[in-house]
Amino acid sequence: MRMTLSAGHWICLLTFAGVMLITDSSMEAMVGEPCCLNAERYIGEPIVVCIKQKPTRGCNSDNFAVKVKSGDWYCITADSPWMKQQIQQGKVSCSEESVFQKN
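For the record, in the sequence shown the residue sitting at position 71 is 70 according to numbering that gives the first Met the number 0, with numbers rising by one throughout.
In case anyone wonders, no lab produced these hints; they're calculated from the structure.
Any given hint could turn out to be false.
Simulated pairs of lysine-lysine, DSBU-like, Cα-Cα distance not exceeding 35 angstroms [as the list claims (entries may be wrong)]:
1. LYS66 - LYS90
2. LYS83 - LYS53
3. LYS68 - LYS90
4. LYS51 - LYS83
5. LYS66 - LYS51
6. LYS66 - LYS53
7. LYS90 - LYS53
Taking CB as the label site, the calculated pair distances span [to be verified]:
8. SER94 - GLU44: 17 to 25 angstroms
9. SER5 - LEU36: 14 to 22 angstroms
10. LEU36 - SER92: 18 to 26 angstroms
11. LYS66 - ALA6: 51 to 59 angstroms
12. VAL67 - CYS34: 17 to 25 angstroms
13. SER94 - ASP71: 15 to 23 angstroms
14. ILE10 - GLU44: 53 to 61 angstroms
15. LYS90 - CYS58: 23 to 31 angstroms
16. THR3 - GLU95: 17 to 25 angstroms
17. GLY57 - PRO80: 51 to 59 angstroms
18. GLY57 - THR3: 39 to 47 angstroms
Beta carbons are placed, not taken as given, at the ideal position from N, Cα and C, and that holds for glycine.
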């Protein structure tokens, strides 16, 4: 027994597929990166990854997102004297590229 779909069913399936594709591409922009809302001025652990966040449509933050040796992520204010000193002394190198985006 062969089953066929009516034109209405095909339209419904194609519409659903289109919505799924649009949702997948727009969700990355909405939830792709964490946003630093509460930031510290100093942390006592060695930093292993540093991302300089720039204000974007989804996140109005101008801070550093940092991963420390223990694996935890923290946010440090962009005007932190401690962070500026870490960068000037070469102890930390910050990227402006996201490590959160899909490859």
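Do the hints match the structure? See the list:
no., hint, verdict
1, LYS66 - LYS90, "holds, 14 angstroms"
2, LYS83 - LYS53, "holds, 16 angstroms"
3, LYS68 - LYS90, "holds, 13 angstroms"
4, LYS51 - LYS83, "holds, 12 angstroms"
5, LYS66 - LYS51, "holds, 12 angstroms"
6, LYS66 - LYS53, "holds, 17 angstroms"
7, LYS90 - LYS53, "holds, 21 angstroms"
8, SER94 - GLU44: 17 to 25 angstroms, "holds, 19 angstroms"
9, SER5 - LEU36: 14 to 22 angstroms, "violated, 50 angstroms"
10, LEU36 - SER92: 18 to 26 angstroms, "holds, 24 angstroms"
11, LYS66 - ALA6: 51 to 59 angstroms, "holds, 53 angstroms"
12, VAL67 - CYS34: 17 to 25 angstroms, "holds, 19 angstroms"
13, SER94 - ASP71: 15 to 23 angstroms, "holds, 18 angstroms"
14, ILE10 - GLU44: 53 to 61 angstroms, "holds, 56 angstroms"
15, LYS90 - CYS58: 23 to 31 angstroms, "holds, 26 angstroms"
16, THR3 - GLU95: 17 to 25 angstroms, "violated, 54 angstroms"
17, GLY57 - PRO80: 51 to 59 angstroms, "violated, 29 angstroms"
18, GLY57 - THR3: 39 to 47 angstroms, "holds, 44 angstroms"
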